[in-house]
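> Single-letter residue listing:
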Amino acid sequence: MSKNKEIESVVVRFAGDSGDGIQLMGSQFAVSTALAGRDFATFPDYPAEIRAPTGTLFGVSAYQINLGEGPITTAGDAPDVLVAFNPAALKVSLPLLHPGSLIILNNDGFTARNLAKAGYDTDPRDDDSLANFQVVSADIGRLNLEAVKAYGLSKSEGDQCKNFWTLGLLLWMFNRKLEPVESVLAHKLRNKPVLRDADIAALRAGHAYGETAELSASVRRYHLHSPDWPPGTYRSITGAEALALGVAAAGELADRKVLYASYPITPASPLLHHLARLGELGVATFQAEDEIAAVCAAIGAAYGGMIGVTGSSGPGIALKTEAIGLAVSAELPLVIVNWQRGGPSTGLPTKTEQSDLYQAVYGRNGDTPLPVVAAATTGDCFDMAIEATRIALRHMTPVILLADGYLSNAADPWRLPEFDRYAKITSRDLPDADDGRPAQVHAFDRDPATWGRPWITPGMPGLMHRIGGLEKDIATGHISYDPANHQAMTELRAAKVESVADYIPPQTIELGPDSGDILVLGWGSTYGPIYQAALRTGVSFTQLRYINPLPKNLASLLARFGTVLVPEMNNGQLVTVLRDRLGVDPVSMTKVSGQPFLIRELVERIQALKSEAAA
Amino acid sequence: MNAVLTPKDFATSQEVRWCPGCGDYAILKAVQKALADVGATPESTAFISGIGCASRFPYYVNSYGFHTIHGRAPALATGLKLANPDLDVWVVTGDGDGLSIGGNHLLHALRRNVDINILLFNNEIYGLTKGQYSPTSRVGTRSPSSPAGSLDTPVSPGQFVLGAGGHFFARAIDTDKAGMSHVLEAVHAHTGTAFVEIFQNCIVYNENVFADFTDRRNAANTQLHLRHGEPMLFGDGKGIRFNPTTYSLDVVDADDDVLVHDETNAVIARLLIDLKMPVALGILFRQPVAGYSARFYAEHPTRFERTKSVADYLAGPNPWVVE
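If you read the protein sequences in the order shown, they are chains A and B. If you're matching positions, the first sequence starts at 1 in our numbering and goes up one per residue. If you're matching positions, the second sequence starts at 1001 in our numbering and goes up one per residue.
Keep in mind that the hints were calculated from the coordinates and are not lab data. Fair warning: there could be bad hints in the mix.
[Unchecked claim] Derived coverage of chain A by chain B (criterion: at least 3 residues anywhere in the stretch with Cβ under 8 Å from a Cβ of chain B; other residues may be distant):
id	segment
1	18 to 26
2	179 to 191
3	234 to 240
4	257 to 267
5	274 to 282
6	299 to 308
7	454 to 466
[What the hints assert, rightly or not] Examples of chain A residues lying across from chain B (beta carbon under 10 Å, computed):
id	residue
8	PRO99
9	PRO230
10	PRO231
11	GLU322
12	PRO413
13	TRP414
14	LEU416
15	PHE419
16	ASP420
17	ALA423
18	GLY436
19	GLN440
20	ALA615
Even for Gly, the Cβ is constructed at its ideal location relative to N, Cα and C.
Okay, chain B solo, but in the shape it has when bound:
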């Protein structure tokens, strides 16, 4: 790298075409800033996406980018990462793309621990297809395809990640610059699949669906910003305690036996994912282990190098000669 890059170096000439006021703008800015902050280079970075509003993302980042087909970005990114493990591969997906049509690929990317960074923009609605309920929509969501309210139990992205054997789960709010920056830098540094659920505000089809905890005026009381090794404190003298009787998390006074965040603890992470108020943000779970591409190469008999010619193989074990 010659000169220090700025967020501008990660912007393309393409006019951004999300709806005015869409949360995606803030996410784009945060990602471009994070790439500059961590010293990424455009040529060694690739953004892979599926289909949906979120999946337009690669067109707006000056790096390599591939806008693929609905739900399949993790599978394609897996092949890319195997072909070139040195790349910094990001997958951008949405709640419908990642957890509905592409749920299977997400599951398997996570359990393999492919070294990719998955950003799931969760807005609990289908935007590009005009507002149908999504796999993360709450029961009773009224939409053009569910005029009487949706019936399906929503998927919890965090529980999905841990259930699939994922090793990194974080959360951030689209417009929370500090929270996004903290999480994205950790994502970049992580080996294996790093998964971030980004609460994204769709101003057209599902405005303010997260307002109960994203509203800045009351954020201190509704958001729990986690830091590894630090006590779980929020609001005005509040904290989180583990209740050994009910095996759940309670909101207590800050001086009352408050939990210290241990991001390697999967049991507490699951409780944090389900915590309704405050909403847990930051790195809920991180347990680094070797990523898939490193293992794939290590276990290949020749580290995936050509050490022999086909000519050596043609005859097989028992050839015979016809004169």
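Just chain A, same shape as in the assembly:
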């Protein structure tokens, strides 16, 4: 990870034919940016010909804009977002992009003729040439014409509105209001009311498309510069891709096949899509009829000896909760991935939050503890998927892996791990069916260190047993309503989760000195901005990946600092957990606007704490 100073901005480049109205759209976006109170710089880049031949490389007209939070002095080097209306625009702009950039493509511009004019032998949308980018392709031309057809424009006039359709989509993705652009249009086109209305209709249609398709812009707002990267082989990867590979890797390390059962939900669906393409890695996906069926099918697969994984977002996890309790009771391994989004209820499906921490740690009926881990970066999704599975199999328990909407979609450079150095994943040895004990007893012969039971699965001779959600006798597994037994089983379930702490790595300082006035403690996808803010202010930073149970040395690590600051994208949930578990009282910094932390905000808060410490 880079130690470089960041530029907190987003560079957007619009590119198309000069007749596409690129310059007009770019300037409108600039206007809306200015009206939103953000600094910006623009860089029009268009051909000398007023109307160069369409679809050609030299006819590409572009407009680049740098949307910043702080002072912006240039239009930015590498675009974070490219809007390309045709293959030529894509081809000309592609060398400018950095890995992970977001590309928005107009499908209607990708005709065979335009592909040939741009010199493409194959459609870049169908091969791997865009694999290092996030690609959103939409039938912009068709959808735009549909939006403006009520206004009686000619086809070419109607087509001219598509820049506003696209602008509407971008405004949705960047959380901007439509009104400022509409009022500019209303003024500029006051003498052309039909065109004005059509442009506004297109703008709104593009915005509505973003909302309906639940598109979100997961664009990194600071840049990491390649010269500082440690040596190695890199690729661009989204958190969803990394987590999919991690799930498959866990299967390989455990030498078991993987069934991922899921129901479509934003922003969890990309994991389903990626895993659906990893069949060669011994993975299969099952799209269930609902969230409950998804988790139950995953439990069924685990009961059958496969690695059962399910994934969703907060509302779906709520539906799965009863079944997760069943897996706790039945002592079966299960991995549950929660791609968190804003809540409550349906909340903000496309916006990132970390507000399902209570749900993960505390949110079940009965005393039903389970391990909770959290991924920090897109690449970390790979490792934490393996870790979650390792814990699930070792302790025979469901494990919740927390990720979020930002991690799902954002693409980052990732240094490839040395996979052959990863430890195998194991569970308790199987018993000898002929050792004279009743079959039922074998199934509950737990390891006293991990409390994991043998993973006996249907089909194994001589080991038939019954399990279920009713309380069971601690030794025989038979149904038991005995009060002392329930006490013992409740304590056993708690001890099992506590025992996970014996196996996880100790908490370490990620950045800065080992002791001092201020430590910033983060968890989840806020890793990037917190790291940068700590770097800039010279304070220490630690990232929590194991949340339940906490690393055993966390309390002593925190005690070495005068003040612990916990920034999180919720209303203070980790702070509550830390108070609960460690009796500490960290300083809480919260943000629930659906937007990631800005480095500047974090720096200001840290500076204020430093002043207090100095006073």
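Position chain B against the provided structure of chain A, taking the given hints into account.
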């Protein structure tokens, strides 16, 4: 398999805890006998249930068993069957578990045609929660939660199965050993979802709700036992005829153009399901097609085998090297 197994080999040491006289006892015996008769083995058999009186069933069968949560047994059984298609997976459910809280999963298991055997114990009442009306209760059923009589139109399990695209629907009476045996053997042999509605007598909360056709003294006149390819005859010289004018089934004299049972005919099956008297029993509809797990494996790019390592996938299509 070494020795021939008997029904006793499918019994567990657990004390059976249904109410004395409950129809479930007869069903348990019939299932244990059927498992022995068809040559099943305890290790390759799994019973999955939801919640309710019927769902205690797995504890009493010496096989693998999983007593899950209310209504979700078909979903869990689907995952199990995908993980191990060689297993003989049975789902035991009740009218409330299967058709109320778990209606969605039942619908989707049927339309996918998951290779599981679903036994729905229908007693038209909630037993374990003490006698509330259920989704199969008749309109006007008086219960603690419907003192003035229930309002809801009952679900017809058979119409539900056919409507969901199911390929096997059978019926049996809990205490009818021959009928149960005939149906259970067919269930075991069926590929895809086999669904049996078992008329189960809840002696505590809904006693004799099916007595009008289950009473042995008059069974010959009230029960129509179907056999594929055989004429639909019952009672003393009675038979069933298709009425082409009303598109319904009529009771006629045995020598009067009686229908021959064609279990593959979904139209006649729907009429048989609705036939009030006599009540149609046995295999009303059977149309075997490939089951879900076989198709799931066949359509998987590698038949669900690991043919490559994650190491082959890590670099992605466009890696770059930093020196």
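> Please go over all the hints and tell whether each is borne out by the structure.
Structure-based check of each hint:
Closer than 8 Å: that is the beta-carbon criterion, and the segment 18 to 26 of chain A has 0 residues meeting it against chain B, so the requirement of 3 is violated. With 0 residues having a Cβ less than 8 Å from any Cβ of chain B, the segment 179 to 191 of chain A misses the three-residue criterion, and the hint is violated. Chain B is given as covering the segment 234 to 240 of chain A, and this holds because 4 residues of the stretch bring a CB closer than 8 Å to a CB of that chain, at least three being needed. Evaluation of the coverage hint for the segment 257 to 267 of chain A: fulfilled, as 3 residues show C-beta separations to chain B shorter than 8 Å, against a requirement of three.
Counting residues of the segment 274 to 282 of chain A whose CB lies closer than 8 Å to any CB of chain B gives 5, so the stated coverage by that chain holds, three being the minimum. Three residues within the 8 Å Cβ limit are the bar, and the segment 299 to 308 of chain A against chain B gives 9, so the coverage statement holds. With 10 residues bearing a CB less than 8 Å from a CB of chain B, the segment 454 to 466 of chain A meets the requirement of three and the coverage assertion stands. Look at PRO99/A: its Cβ gets to within about 8 Å of chain B, closer than 10 Å, so that hint holds up.
With its C-beta approaching chain B no nearer than about 7 Å, PRO230/A sits inside the 10 Å limit, and its interface hint holds. About 5 Å separates the beta-carbon of PRO231/A from the nearest beta-carbon of chain B, less than 10 Å, and the hint is met. Against a cut-off of 10 Å between C-beta atoms, the interface hint on GLU322/A holds, since the closest Cβ of chain B lies about 6 Å away. Hint status for PRO413/A relative to chain B: holds, with the closest Cβ pair at about 9 Å, below 10 Å.
Nearest Cβ of chain B to the Cβ of TRP414/A: about 9 Å, under the 10 Å cut. The hint holds. Evaluation of the LEU416/A hint against chain B yields a held restraint, the C-beta minimum of about 5 Å falling below 10 Å. About 5 Å separates the beta-carbon of PHE419/A from the nearest beta-carbon of chain B, less than 10 Å, and the hint is met. The beta carbon of ASP420/A is positioned within 10 Å of a beta carbon in chain B (closest approach about 7 Å), and the interface hint is therefore held.
Restraint check, ALA423/A versus chain B: the minimum CB separation of about 14 Å is more than 10 Å; hint violated. Among the interface hints, the one on GLY436/A is violated; its C-beta lies about 15 Å from the nearest C-beta in chain B, farther than the 10 Å criterion. The criterion of a C-beta within 10 Å of any C-beta in chain B is met by GLN440/A, whose closest approach is roughly 8 Å, and the hint holds. Hint on ALA615/A is violated. Least Cβ distance to chain B is approximately 44 Å, over the 10 Å limit.
In summary, the structure is inconsistent with hints 1, 2, 17, 18 and 20 from the numbered list given earlier, while agreeing with the others.
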